[in-house]
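Keeping the supplied structure of chain U fixed, place chain P upon it in accordance with the hints.
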Amino acid sequence: MPKKVLLVDDSTTTLMMEEMILKQRTNYECVTAKDGLDAISRAVVETPDLILMDIVMPRMNGFEACKRMRQQASLRETPIILVTTCGEEEYVEAGFQSGCSDYITKPIDGFELVTLLQNYLGE
Amino acid sequence: MLLARMSDNSNSPTELEGKVSVQQAGDQAKVFAARMRLQNALDQADALDAIREIAVNLIGTEEVAVFKIDKKRSELWLYWSFGADPNKHSVLEVCREPRLPEVLSGKPVFRSRFSAENLLSTDDPVSALVPILVDGSPAAVIVLFRLFPHKMGIEPVDKEICEVLSNCAGRAIEPYHSR
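Residue numbers (this note's numbering), protein chains in the order written: chain U, 25 to 147; chain P, 12 to 190.
Looking at chain U on its own, in the form it has when it is part of the complex:
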């Protein structure tokens, strides 16, 4: 059974790019959500093996969504990777405070994305 990845971003461009890379280079199944609130409900229903989530989104940002996901028993151990425009220490620290497992910076590099996900999910 393929591993399932929940991609969360309000940008259709980013979702399209991420989904295309993962479909071409991995056998993961992708599901998507458009903001933090949508992501929480999708994550509860889909129980993904990994969540790749943007930070700046309407309705609920990635930090808050990450915190709330960690309060759900079914998502407590799910790897959550935040996608940030800023690799600075304070910003990264805020991500880890919210409960994320790792982070990746924009613009996403295809090789870095695939390698990062494979390290959590295997090939």
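Hints in this document: simulated from the structure, not taken from any laboratory.
It is possible that some hints are incorrect.
What the hints assert, rightly or not - Which chain P residues face chain U? A few, computed with CB under 7 Å, are given here: (1) PRO24; (2) LYS30; (3) VAL33; (4) GLN34; (5) ALA36; (6) ALA40; (7) LYS41; (8) ARG48; (9) GLU64; (10) LEU69; (11) PHE159; (12) HIS161; (13) GLY164.
The beta carbon of each residue, even a glycine, is placed where N, CA and C say it ideally should be.
Positioned in the frame of chain U, the structure of chain P alone reads:
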């Protein structure tokens, strides 16, 4: 934490080949996503939003502006901006900007990674000047300002994305321009 950070020890030919292959797939996905987003823009506002999305998510800058070219082709007027100070960049005079004639001939201009030269006479670093072509002629110019701090410079895939912007972003300035 950070247990999955990639290492740079993948130096065997097979590993390098694999890396290049994944990298190429990633680059193709970026170019494809940029083209699809622009071609499927619902209206002018959505096309401008597509330019913002592409600049932020695919190229790596949160400072972007679109300047329309006046009929005499002597000045460029600020038409739309995101993250860039509109008061600092309202008009660009072609006679004062040595790189603009090249852009007005239809070619994008990029700042070299190690060059100290700025592409416009402004304090803000300009990373790229991209003409928006309408019916084959430049009708506006997209200015990409400062890149994200962790981004070293414009890369080959960014130039391909800028080609897409140049050829597919006409709707952003011409509301009724056919796709």
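Hint-by-hint comparison with the structure:
The restraint placing PRO24 of chain P at the interface with chain U is violated, with a minimum CB-CB distance near 16 Å, outside the 7 Å limit. Annotation: interface hint on LYS30 of chain P holds; nearest CB of chain U at approximately 5 Å, less than 7 Å. Checking VAL33 of chain P against chain U by beta carbon gives a least distance of about 5 Å; that is within 7 Å, so the hint holds. Hint status for GLN34 of chain P: holds, given a least beta-carbon distance of 5 Å to chain U, under 7 Å.
Taking 7 Å as the C-beta contact cut-off toward chain U, the hint placing ALA36 of chain P at the interface holds, the least distance being around 5 Å. Satisfaction of the interface hint for ALA40 of chain P is found here, the shortest Cβ-Cβ separation to chain U being roughly 4 Å, below the 7 Å cut-off. Of the supplied interface hints, the one on LYS41 of chain P holds, with its beta-carbon coming within about 6 Å of a beta-carbon of chain U, less than 7 Å. Given hint, ARG48 of chain P at the interface with chain U, holds; its Cβ is 4 Å from that chain's nearest Cβ, closer than 7 Å.
Satisfaction of the interface hint for GLU64 of chain P is found here, the shortest Cβ-Cβ separation to chain U being roughly 5 Å, below the 7 Å cut-off. Given hint, LEU69 of chain P at the interface with chain U, holds; its Cβ is 5 Å from that chain's nearest Cβ, closer than 7 Å. Using the Cβ-Cβ criterion of 7 Å, the hint placing PHE159 of chain P at the interface with chain U is satisfied: the shortest such distance is roughly 6 Å. A hinted interface residue such as HIS161 of chain P counts as satisfied when its beta carbon comes closer than 7 Å to some beta carbon of chain U; here the least separation is about 5 Å, so the hint holds.
Contact between GLY164 of chain P and chain U, as hinted, is not supported at the beta carbon level, the nearest pair being about 13 Å apart and thus beyond 7 Å.
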